[in-house]
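**Student:** Take the sequences, apply the hints, and build the full model.
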Amino acid sequence: MVKLSAELIEQAAQYTNPVRDRELDLRGYKIPVLENLGATLDQFDTIDFSDNEIRKLDGFPLLKRLKTLLMNNNRICRVGENLEQALPSMRELILTSNNIQELGDLDPLASVKTLTLLSLLRNPVTNKKHYRLYVINKIPQIHVLDFQKVKLKVSACHRSETKSCSFIEKHCHYQVQRVVVYNTRQVV
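The letter at position 144 of the sequence shown is residue 297 when you use our numbering, and the numbering goes up by one with no holes.
Hints should not be assumed to be uniformly reliable.
Taking lysine to aspartate or glutamate pairs in the EDC-like style, the calculated list, with each CA pair at most 16 Å apart, reads [claimed, not checked]:
hint	residue 1	residue 2
1	Lys282	Glu234
2	Lys220	Asp178
3	Lys281	Glu234
4	Lys220	Asp198
Hints in this document: simulated from the structure, not taken from any laboratory. Small disclaimer: the values here were computed from a predicted structure and weren't measured.
**Tutor:** Put into structure tokens, the structure is as follows:
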């Protein structure tokens, strides 16, 4: 395992990616903990931490410029609090192939009001009943979940605007609310 040091950040590949974002490539170093990210000097739109050993999504200094965080193929099982303060511009978060277990583990992402794309594919949490509805309810501004577009009708229904929803949609909304309450009780 390699410690995420200022030297590693300076030596890592840095380039303009195909969507013209400045990207820092920290892929495959087996980094266990996110630290020393102040050494990036907030110069990157995208940071790729894929294929490391990271267990918790936290440890970020204020990175106003960062829009995309690639965290696939790690061991992430927890999401830290206050991500919205450290990453105020984050729009895309890829957590594919990690170890997020429970719906309640996703709750800290609800505070990231800029988040519009989220991937949790190949995480145990995706097998939970009402997973997709739970995430849409918790993160109502989400446009793409697991690389599938969130339909406006479903999204609106799960924002408590149930007046125009069908009986089935209202029932789904009710079930999501029950899951939220149930998971909140389990966390407490």
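**Student:** Would you list, in rising numerical order, the hints stated earlier that this structure does not obey?
**Tutor:** Numbers 1, 3, in rising order.
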